[in-house]
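Undergrad: Taken in order, these protein sequences are the chains called A and B.
Our numbering applies: residue 1 is where the first sequence begins, and numbers increase by one.
Our numbering applies: residue 1 is where the second sequence begins, and numbers increase by one.
Please note that the accuracy of each hint is not assured.
As the list claims (entries may be wrong) - Simulated coverage check for chain B against chain A, where a stretch passes if three residues somewhere in it have a Cβ under 8 Å from a Cβ of chain A:
#1 411-422
#2 502-509
#3 512-518
These aren't lab readings, by the way, just hints derived from the structure by calculation.
Given the structure is predicted, the values throughout are model-derived calculations rather than measurements.
Beta carbons are placed, not taken as given, at the ideal position from N, Cα and C, and that holds for glycine.
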Amino acid sequence: MSIIQTKDVKKWFGDFQALKGISMDVAEGEVLVVCGPSGSGKSTFIRCINRLEQHQEGQIIVDGIELTNDLKNIEAIRSEVGMVFQSFNLFPHLTVMQNITLAQIWVRKKNRAESEEKAMELLERVGIPEQAQKFPGQLSGGQQQRVAIARALAMEPKIMLFDEPTSALDPEMIKEVLDVMKELAKSGMTMIVVTHEMGFAKEVADRVMLFDEGMLVEENTPEEFFNNPKSDRTKLFLSQIL
Amino acid sequence: MVDLIKKNVKSLQESLFSSIGSSVLTIATTYLVINFFRGMLGFALTSDKDWLAVLNNMQLYMVQAYPEEDFIRVWLSVGLTFVLAGLSIGIWRSEERVKSSQVFNSFFKGGLGVLFFTIIAPTNASFMGNDGSVITEEVFSMDSRLGILIPVVVFCVIFFSIRFINVKFTVNSSDMVFFYLFIPVALLWFVKLPTIQLDQNNERIIPDPIMPIASSTKIPWTVIFVSFLVSYFIGMYLKNIKSIKSIMSLSWFLLPLLIFSWIFKKPQIDMSLVLGSDLPIFGVFLLWGFLVITFVNNSIFKKYYSTYLGVTFLLTLAGVFSGLPMLAKTCLLLITLFSVVVPAVSTSSQGKRSLLIVWAVALVTLTFLLRGGASDTGIVVPGSSIFGGFSLTWLLAIFGTYVSFPLGVLLALGRNSKLPIIRIVCTGIIELTRSVPYITWLFFASVTLAVFLPAGVEFNLIVRVLMVTAFFSGAYFAENIRGGLQSIPKGQYEAADAIGMSPFQKISLIIMPQALRAVIPTLVSSAITAFKDSSLVTIIGLFDFLTIGKTVIGNQSIPVNFVGHDRENLIFVAIVYWIFTFTLSRRSMKVEKKLGLGER
Numbered sequence: 001m002s003i004i005q006t007k008d009v010k011k012w013f014g015d016f017q018a019l020k021g022i023s024m025d026v027a028e029g030e031v032l033v034v035c036g037p038s039g040s041g042k043s044t045f046i047r048c049i050n051r052l053e054q055h056q057e058g059q060i061i062v063d064g065i066e067l068t069n070d071l072k073n074i075e076a077i078r079s080e081v082g083m084v085f086q087s088f089n090l091f092p093h094l095t096v097m098q099n100i101t102l103a104q105i106w107v108r109k110k111n112r113a114e115s116e117e118k119a120m121e122l123l124e125r126v127g128i129p130e131q132a133q134k135f136p137g138q139l140s141g142g143q144q145q146r147v148a149i150a151r152a153l154a155m156e157p158k159i160m161l162f163d164e165p166t167s168a169l170d171p172e173m174i175k176e177v178l179d180v181m182k183e184l185a186k187s188g189m190t191m192i193v194v195t196h197e198m199g200f201a202k203e204v205a206d207r208v209m210l211f212d213e214g215m216l217v218e219e220n221t222p223e224e225f226f227n228n229p230k231s232d233r234t235k236l237f238l239s240q241i242l
Numbered sequence: 001m002v003d004l005i006k007k008n009v010k011s012l013q014e015s016l017f018s019s020i021g022s023s024v025l026t027i028a029t030t031y032l033v034i035n036f037f038r039g040m041l042g043f044a045l046t047s048d049k050d051w052l053a054v055l056n057n058m059q060l061y062m063v064q065a066y067p068e069e070d071f072i073r074v075w076l077s078v079g080l081t082f083v084l085a086g087l088s089i090g091i092w093r094s095e096e097r098v099k100s101s102q103v104f105n106s107f108f109k110g111g112l113g114v115l116f117f118t119i120i121a122p123t124n125a126s127f128m129g130n131d132g133s134v135i136t137e138e139v140f141s142m143d144s145r146l147g148i149l150i151p152v153v154v155f156c157v158i159f160f161s162i163r164f165i166n167v168k169f170t171v172n173s174s175d176m177v178f179f180y181l182f183i184p185v186a187l188l189w190f191v192k193l194p195t196i197q198l199d200q201n202n203e204r205i206i207p208d209p210i211m212p213i214a215s216s217t218k219i220p221w222t223v224i225f226v227s228f229l230v231s232y233f234i235g236m237y238l239k240n241i242k243s244i245k246s247i248m249s250l251s252w253f254l255l256p257l258l259i260f261s262w263i264f265k266k267p268q269i270d271m272s273l274v275l276g277s278d279l280p281i282f283g284v285f286l287l288w289g290f291l292v293i294t295f296v297n298n299s300i301f302k303k304y305y306s307t308y309l310g311v312t313f314l315l316t317l318a319g320v321f322s323g324l325p326m327l328a329k330t331c332l333l334l335i336t337l338f339s340v341v342v343p344a345v346s347t348s349s350q351g352k353r354s355l356l357i358v359w360a361v362a363l364v365t366l367t368f369l370l371r372g373g374a375s376d377t378g379i380v381v382p383g384s385s386i387f388g389g390f391s392l393t394w395l396l397a398i399f400g401t402y403v404s405f406p407l408g409v410l411l412a413l414g415r416n417s418k419l420p421i422i423r424i425v426c427t428g429i430i431e432l433t434r435s436v437p438y439i440t441w442l443f444f445a446s447v448t449l450a451v452f453l454p455a456g457v458e459f460n461l462i463v464r465v466l467m468v469t470a471f472f473s474g475a476y477f478a479e480n481i482r483g484g485l486q487s488i489p490k491g492q493y494e495a496a497d498a499i500g501m502s503p504f505q506k507i508s509l510i511i512m513p514q515a516l517r518a519v520i521p522t523l524v525s526s527a528i529t530a531f532k533d534s535s536l537v538t539i540i541g542l543f544d545f546l547t548i549g550k551t552v553i554g555n556q557s558i559p560v561n562f563v564g565h566d567r568e569n570l571i572f573v574a575i576v577y578w579i580f581t582f583t584l585s586r587r588s589m590k591v592e593k594k595l596g597l598g599e600r
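Throw the hints in and build the complete structure from the sequences for me.
TA: This is the structure:
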């Protein structure tokens, strides 16, 4: 059964058409890697899934709820879908602990002790329990991104979206974030990952997609995608980045 | 110790006399500074200045013509403020320790300051006599110079050397507040100053006899100091109670309202109004709030909730422009806000119960305060309002900030809103208020505002001034806060959205705290401007602190002739304004430092 279903999703920014009819399904527990050149609409697409961008045509159904203008639906979907951003977007005025507990307390209405326990658990999972009382500004980029992952996981989402999570990091820090993401993938989380880390795609992805000019060019298993691509666009893309 | 002196001399040499140019600059600046202070001291000490014009009129300065038999009300206001302050200091007691050497050092530096002024004070000074001739006289004899110099030098030496004796105790920095306040209160009992005395013919006895100062204020101040201390200990005891901090913040918000509507005002309550109008209104709105809380989870009610909100909003709009009593109007506004907030907070039955309690307490407080504010005052001050002098300045400053700050936040948010109507209205209010001078608004308040209000609605002049002040400084606050809002990256909004926060939570927990922190310096300078601008109310006939000094005392001839002594009073007024604004800016710097902790 598919947890995310999109049918012919189209989106315009003014005159520019960013998405030209994307249809796809994601099954529960599947790890999907989306790649493509910049400006191909891949970020826009995953941002449509939790309504950070609004699609103008087509249908997006997440966990049986269709995304419409209804605020209730949007809030329901957002609390099911966690998101990790390229630029971390941690809240700089709150400590790491507060960053992670905030949504549990105010959105999930849990009490403080319970949510702090959950936060410590998650910080241990991402490997930085000792940083709980620091402010985001005092952490390295890799640590910040891991806090951001913990913050998203605190809502106990069914789906995690990653929007180029390693693009703003030093090469040495990329690994620590990818390790956390691999561990997450193995635990059975449904994930959509926009990334250029082909190693990650080869290792953990169930499916790989290539976006170009707002269209879904290729959708394939990783082995087929890297060894035996169907379209010429994919071959060109792979030849440039590998 | 010798090493220390050597080190200090060397650093002085490096910073002041490193080159010929800097040596010249140092010497020239020192000469200018010394001459400036010599001139000031000479001006202050000549015999044509009568500083008793200031000292003798403290009562006028503080409360203007407030009747003496009701002074207990003034003391009660001051006392309540200090009790709240004591509680707050106890509750927010910092764990910061101050080293004894730091304390001694500050005494030493204070002593050095006095020493400096004693040494440079001129022996002779001249002033313009009544006939235009220049009169030179001795203002500071060698005897009195030595009389001050010797104790001060001894004081400095003691506190300088005490640092090198091995006393290494530390004091809690909150405790120090009480020590510093203890000094002036204790001085009230011992210091004696020249005081004005009249003989049988109502002539001033010259020279003025030396008497203990502030004979009428030392007992109240001592009582206040003791209750300040006691409430500090109570505060430390209450520290661990849950939600005590929000209760304290709320009390701080309600205190000026209480002082304004009940304590200072001595309201004459008409019981028929209380029973005939206040109680029914109170009952209706209590029931209304109860119904909202009860049915908020009901599915049918939920479905029509936005309709209900719309109807309530329209009712409120209609109510505000109708002839309803003030209480009903305010309650209508409150129920609209309450209805917006309820679905966001009420879930469990326990939550519902506490929400109902909050609603009931809010209504009781509102009814109580509005009844006091709307009733006739029992205080009669001939020819002016019951507030005057420093109490008026203080009221305008505190209220101006209290009302205009939230208003500014709302206007800033409204101006950034996506809804065109809200945006246009907020932009309109901001641009309209900012583009007209404050003085024009004051005339508007005193002369024309009544025309714009519904028939039968009349406000006291001070309330009208507060209304325009709130909008005027609110507009400035709004623009400052909007600057802060623009400095928040889009990613913060997206991150808050992505973890499922409601728009209200997003603004109040994520965006506003960051935006306000970014603009603390400009907010403080707006608040300081508002504080100083309050002196402009003099042009519509209110007697603020400055007016008392400049106009009232400057023209005082009964019982003692102080005509022409306004310069002394202006200097005093300037010093008082400076003390308050300087304290405010120092505090804000501390807050900034504390809040800047997480940012890099």
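Undergrad: Each hint should be assessed against the structure and marked as holding or not.
TA: Cross-check of the supplied hints:
no. : hint    : in the structure
1   : 411-422 : violated (count 0)
2   : 502-509 : holds (count 3)
3   : 512-518 : holds (count 3)
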